[in-house]
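Order-wise, the sequence lines are chains A and B.
Each residue of the first sequence is one higher than the last, beginning at 1 in the working numbering.
Each residue of the second sequence is one higher than the last, beginning at 1 in the working numbering.
If you're looking for bench data, these hints aren't it; they were derived computationally from the structure.
Check the hints yourself; a few may be wrong.
Unchecked claim - The following residues of chain B were derived to be distant from chain A, with all beta-carbon distances above 10 Å: (1) I10; (2) I15; (3) L45; (4) F70; (5) R81; (6) L105; (7) L140; (8) K152; (9) R209.
Claimed, not checked - Quick look at which bits of chain A chain B covers, simulated, 3 or more residues with Cβ under 8 Å: (10) 59-65; (11) 151-159; (12) 170-177.
All C-beta atoms in this analysis are idealised placements derived from N, C-alpha and C, irrespective of residue type, glycine included.
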Amino acid sequence: LSEALAILWAHRDTMLAGLLMTLQISACALVLALVLGTLLFGLSLGARLMQTALTILIDTMRCVPFLLFLYLIYYGLPAWGIVLDNFTAGICALTLYNAAYFAELMRGAYRALPVEEIEAGRAIGFHGPRLIWRIVLPPLIATALPAMGNQAIQIVKDSAFLLIITVQELTFAANEIQATYYVPLASFVCAALGYWLLCLGIEAGVRGINGRALAWRT
Amino acid sequence: VSWLDALTVIEGAGITVLVSLASLTVGLPLGLALALIRWGRVPLLDPAAAVVVSLLRATPSVTLVLLVYFALSGMGLSLSRFEAAVATLGLGTMAFTCEVLRGALMSLRSDQLDAALSVGMGRSLRLRRVVLPQIFRMALPGLVNETTLLIKASPAVAVIGLVEATRAAVRIGAATYEPLPPLILALALYVAIIACFVLLQRGLERRMRLAA
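Okay, chain A solo, but in the shape it has when bound (with noise of 0.2 Å):
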C-alpha cells in the first residue's frame, strides 16, 4: 500500500488537475443552472401554459438518467448540427439537466411563502421584477437552500459521467493512473475523498449562507 501511496503522490499533480476541473465543471454548471432555473420559475409564475411546460419539463428529467441526458446531448445534437466540444457538452448537459430541478425547488418554496409579504411589498409600489428581486426571492431561496444544497452535490456527484466523454476531471485522473499503475484501490479511494471535501464544503457553505440569512432576518 506504501508503495500505492507514493506512486499516487508522484502523481499528484495528475489528481489535482482533476480535483480542480471537476470544481470548475460544477462551479459553472451550478452558477448556470441557477440562473436558467430562476429564469425558468420566474416564466412559470405567468402563464398557465408555462406551468404546464415546466411540469412537463421536470417530470421528464425526473424520468432521464443523467448520462443518458448527457449522451443525447453529446451524439444527438450533432443530428441536429450543433456540434460542441465534450467540455462544452457536459457543462451543457448538467446545467439544463439540474435547470428544471432548480426551478421545482423555487416553485415548491414559492407555495410555501406567506402571501401577505408579497402583497404589502405590492402595496408599498414594489412591481415585477424588482418584486421578485427583493421581496420574493430572499424568503424563497432561504426555504430552498437545503434542498438546492443537495441538489449542488447532485451536480458534483453528475460530472463524474464526463469522464466517459473524456473530460478530465477527477474520477477520469484517478482512473489515468489506475491503468497506468495499477494502483486502483489508492487512487478511486482519493477520489471518492476528493469528491466528499467538495461536498463537505457545499454543506458548510450551505450552513453558512443559511446562518447569515437568519441574521440578516432578525
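Using the hints, position chain B against chain A.
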C-alpha cells in the same frame, strides 16, 4: 434501426431492472441495519456508520463502481461485472436507505415505544410490531424516490462494461450512425421503469391506508 437493435436495447433495460432490484435487495436490509445502529447510538459503530454513510453519499457511482471492480480484483477477490455493479449500487442504496429510515425513526413518537413497553413487549417484538411498520409507512415516499435515483444512477455501471439500457443504446447508435432513435427508445424505457415504481408506491400507500 432494426427490430433486432430495438430488442438489444430492451434486453439492456432488462439488465437495468435486474441490477436495480438486486441492489435494492442488498441495500435495503443493510441500510435498515445502519439506521438502527445510528438510532440506538451503538458505541463505536454509530460514528463509524456516520462516516461511511457521509462518504458513500458524496462518492459518484462511476467512481465507486471503478473502485469496487478494480480494487477488489486487485486484492484477489475477483467479481463479475454484474456482481461489482450490484455491490456498488447496493452500497449507494444502503447509504440513502440509512438516511431515509433514520429520518423516519427520529420522527417516531416516543409514546409509541412507551405503550409497547407498558404492555410488556420485548425488544424484537417491539421492533417488529411497532417500530418497523410505522417507519416503513413514513419512509415509503422517500424510499421510492431513492429507488428512482438508483435507476438513474445505474448507467454508471456501463464504465466497467456491463451492457445495460444506456450502453446498449449508445452502442447501437455508434454502429448504425443514427444515435438518436436508440437513445430515445432507452429514454422511453426508463420512463416506463420509473413509472412502474411510482405506481407501485401509490398502490402500496392505498393498501396501507385501507389497512390502517
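* Asked: If you check each hint against the structure, which ones fail?
  -> Hint check: 4, 8 fail, others pass.
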